[in-house]
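**Q** Given next are the chains, with one letter for each unit.
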Amino acid sequence: MKTAVGIILALAICISFTRAQAAETLNGAGATFPYPVYSAWAYEYNKITGMKLNYQSIGSGGGVRQVTERTVDFGASDDPMKPEQLQKDKLLQFPAVIGGVVPVINLAGVKPGELRLDSSSLCGILLGEIKFWDDEKIKKNNPSVKLPHSGVTVVYRSDGSGTTAIFTHYLSETCPAWKEKVGAGKAVKFPVGIGGKGNEGVANYVKRTAGSIGYVEFAYAKQNKLGHLQLKNSSGNFVEPGFTSFEDAAATGDFDPKKGFALWLTNAPGNNSWPIAGATFILLAKDKAESNKKVVKFFDWAFKNGDNKAKELVYVPLPKALKEKVTAYWKANGLQ
Amino acid sequence: MAKILKKSPADLIFSSVTALASFSIIVFIAGILYVLISESSLAIKQFGVIKFLTSTDWDPVKESFGALTNIYGTMLTTFLSLLLAIPVAIGIAVFVTEIAPGFLKGPIGIAIELLAAIPSIIYGMWGLFTLSPIMANHIEPFLKKTVGGLPLIGMLFEGTPMGIDILTASVILSIMIIPFTASIARDSFNLTPSVVKESAYAIGATKWEVIKNIVMPYSKLGVFGGVVLSLGRALGETMAVAFVLGNNHRITTSLLDAAATITVTLANEFAEADNDVYLSSLFYLALVLFVMSFITLAVAKIFLLKAERKHSQ
Numbered sequence: 197m198k199t200a201v202g203i204i205l206a207l208a209i210c211i212s213f214t215r216a217q218a219a220e221t222l223n224g225a226g227a228t229f230p231y232p233v234y235s236a237w238a239y240e241y242n243k244i245t246g247m248k249l250n251y252q253s254i255g256s257g258g259g260v261r262q263v264t265e266r267t268v269d270f271g272a273s274d275d276p277m278k279p280e281q282l283q284k285d286k287l288l289q290f291p292a293v294i295g296g297v298v299p300v301i302n303l304a305g306v307k308p309g310e311l312r313l314d315s316s317s318l319c320g321i322l323l324g325e326i327k328f329w330d331d332e333k334i335k336k337n338n339p340s341v342k343l344p345h346s347g348v349t350v351v352y353r354s355d356g357s358g359t360t361a362i363f364t365h366y367l368s369e370t371c372p373a374w375k376e377k378v379g380a381g382k383a384v385k386f387p388v389g390i391g392g393k394g395n396e397g398v399a400n401y402v403k404r405t406a407g408s409i410g411y412v413e414f415a416y417a418k419q420n421k422l423g424h425l426q427l428k429n430s431s432g433n434f435v436e437p438g439f440t441s442f443e444d445a446a447a448t449g450d451f452d453p454k455k456g457f458a459l460w461l462t463n464a465p466g467n468n469s470w471p472i473a474g475a476t477f478i479l480l481a482k483d484k485a486e487s488n489k490k491v492v493k494f495f496d497w498a499f500k501n502g503d504n505k506a507k508e509l510v511y512v513p514l515p516k517a518l519k520e521k522v523t524a525y526w527k528a529n530g531l532q
Numbered sequence: 005m006a007k008i009l010k011k012s013p014a015d016l017i018f019s020s021v022t023a024l025a026s027f028s029i030i031v032f033i034a035g036i037l038y039v040l041i042s043e044s045s046l047a048i049k050q051f052g053v054i055k056f057l058t059s060t061d062w063d064p065v066k067e068s069f070g071a072l073t074n075i076y077g078t079m080l081t082t083f084l085s086l087l088l089a090i091p092v093a094i095g096i097a098v099f100v101t102e103i104a105p106g107f108l109k110g111p112i113g114i115a116i117e118l119l120a121a122i123p124s125i126i127y128g129m130w131g132l133f134t135l136s137p138i139m140a141n142h143i144e145p146f147l148k149k150t151v152g153g154l155p156l157i158g159m160l161f162e163g164t165p166m167g168i169d170i171l172t173a174s175v176i177l178s179i180m181i182i183p184f185t186a187s188i189a190r191d192s193f194n195l196t197p198s199v200v201k202e203s204a205y206a207i208g209a210t211k212w213e214v215i216k217n218i219v220m221p222y223s224k225l226g227v228f229g230g231v232v233l234s235l236g237r238a239l240g241e242t243m244a245v246a247f248v249l250g251n252n253h254r255i256t257t258s259l260l261d262a263a264a265t266i267t268v269t270l271a272n273e274f275a276e277a278d279n280d281v282y283l284s285s286l287f288y289l290a291l292v293l294f295v296m297s298f299i300t301l302a303v304a305k306i307f308l309l310k311a312e313r314k315h316s317q
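Sequence lines, in order, name chains A and B. Using our numbering, read the first sequence as starting at 197 and increasing by one per residue. Using our numbering, read the second sequence as starting at 5 and increasing by one per residue.
Quick caveat, the hints were computed from the structure, so don't treat them as lab data. For glycine and all other residues, C-beta sits at the position ideal for the given N, C-alpha and C. Each hint should be verified, as a subset may be incorrect.
[Stated by the list, open to error] Selected chain B positions facing chain A (in silico; Cβ < 10 Å): (1) Leu-57; (2) Asp-61; (3) Trp-62; (4) Pro-64; (5) Ser-124; (6) Gly-128; (7) Leu-132; (8) Ser-136; (9) Pro-137; (10) Glu-162; (11) Phe-247; (12) Val-248; (13) Asn-272; (14) Ala-277; (15) Val-281; (16) Tyr-282.
Construct all of the structure, not just a fragment, from the sequences and the given hints.
**A** Structure, rendered in C-alpha cells:
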C-alpha cells in the first residue's frame, strides 16, 4: 500500500513538473540548414531566460506542414512561401538568417578562388554541354589560368534540399536553357553527374574526384577547405564567396514585409553581391498570439545578441536594415 | 483443449493474450497497407498502375513520376548482393560446422553475429569514406582492365570508376546480408544427423564428399530459408546504400554507374517533398516495394513448402 501511494505521489510530481516545464518550452520544426545556429542561440537564450527551445530539423516541407496544421509554435523553411499561400493558411513569415551556396571544384593546378565562371558557362557545365575544363567558354574568362584538358564530373545533392532549391533557382534565373530543360526545386532531374547524400556527401565526392564540380553550403566549403571559384554577378563583377559578398546580396535584396519577405537572394543587384544566396524563414500561425510573442522574443534576442555566434558557425546574420524591417513587421502584427 | 480451458481460467487468459498478440500483427499489416493505398491514391489516379510501373521518368519539377528506375535499381543491387554473399556465407557455414577446430568455432560464430548487429548507417558511412575510395582507386580500374575489354561483360564495366555506383552498393549489401545466410546455414548444417555423417566417413568418404553428398542435401531447405531472409533484408536496406548509390534515376547497363533503389529514393526525398503529387508518388513507391516484398516472400514460401513435402516423402 505504501509503495502504491509512493508511486502515485512520484507520478503526480512528475506530471506537475512536466507541466511547469511545458510552459517554458517553445516547439519548432522545419529546415535542417539553420538547425545548428538555432540550437546555439537557444542554448544561450536558455541560460538567460530559462526558456527551452525544442527544434526538430525534419526538413522544410515538414516544417510548413506542421505549422499549417498548428502542431508547433513555429515552422522553419528554406524556401519562402508565396504571399497568397501565407494569406490562405493564415501564416506570418520573416527571415531569420542568411546562407550562401558555393560551387566548389577539384581541379589540379588551379588554386582556390582562381577560376572565374559566368552563369552561362556554369550552366553549360551542369547541363553537360561543356565536357572539358579547357572549353573555350571557360577559357574566355580565364586567360591567365592554365586549364587542363580533363573531363568534367558534376556532383549534385541526391537528397531533396534547400541548397539545391537556391542553386537551381539561380540557374533558372540566369540561364533560359536550364529553366526550360530542368527547372528549379528542392530535387530536380540533373542531366549529368552523380549524386552525393547531404552536404557531406557532395563535399566528399568533390574532394576525391579529379575534375569535379559540385555545390555545397558556404559553411561546408569553408570547413572542408574545398576549392571555391569566383562567379560573375548581375552587375558584371567577379566576386568571391564570403561574409561581405553575402551581406551585400542581403542588403541589396528587396525584402517586402507586405509579401512576407518572400524573396530569393539569387542574382541580387549590387556591385559586390554573391549571386547564389538565400534567407531561411520562420513561419508563425496568426491565431496563436501567445506563443508567437514568445517566439518573437527569442528571435528579437537573437537578432540583438546572436550575430557573433552565427558567424562563428559560418552563417550570415541579417543586415541591420533588414532586421529593422522585420522588427517593424512584428510590431505591425502586434507581436511585440 | 476445452477441458483444459474449463479447468483453469489462467489458461484461458494466457491463450487469449497470445491470440491477441498474433492478430495484432495482421491488424498492423492491414493498417500499413491501408495508409499506403490511401496516401498514394492521388498518384494512382494520376499515373495509373501500368504507366507508373513502366515509366522511367522521375522529375519533381515537372511532377512526372514513374517507378521503373527505382524497381530496376532495387532488383539489380539485391541480385548482385545475393550473388556475392551466398557463396561466402555457405563457405563460412561449412568451415564453422565441418572443418574448423573447436577453439575457432566460437569466435567466428560470434564475429558473424556481431556483423549482423552493426547499425546500417555505420555501413553507409564506412562505405562512403572507406570502401568507395578503395573501389574507385583499385578494384574498379582492375576490373575494367581485366574483364572490361570482353564483349558483353565489358558492357557492365563502362564509364569512369567513381566508387559511387551499383557495384559498391552491392558489395556493402552483400557484407550486410552474409550473417543472415551464414548463421542459418550453420544451424541447418548442424542438424545433419551425425550418425549418417559418421557412417559415410566409416566407408571412406572424404570431407568434400561428406559435405557435398550428405550435409548439403540434408540442409538445402535451411540454407534456402537463410537466402530468403537475406533477400528480404537486401530489398529493404536503406541507409547503407543511400550513401554510395548516388540516387540517380536512370537505367544503366554499367555497374559503375549511379542508380536509385526504392528505399534510397524514399529516404532521400521524403523530408523535402513539398507538393502533394510528389509526396503521394513516394507513398506509391513504398506500396510497390510492399507488394514486391510480399510476392518475393510468397514465392519463396511456396518453394519451401514444395521442397518440404518432397523431403518428407
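**Q** Against the earlier hints, flag every one the structure doesn't satisfy and list their numbers going up.
**A** When the structure is compared with the hints, numbers 1, 5, 10 and 15 turn out to be violated.
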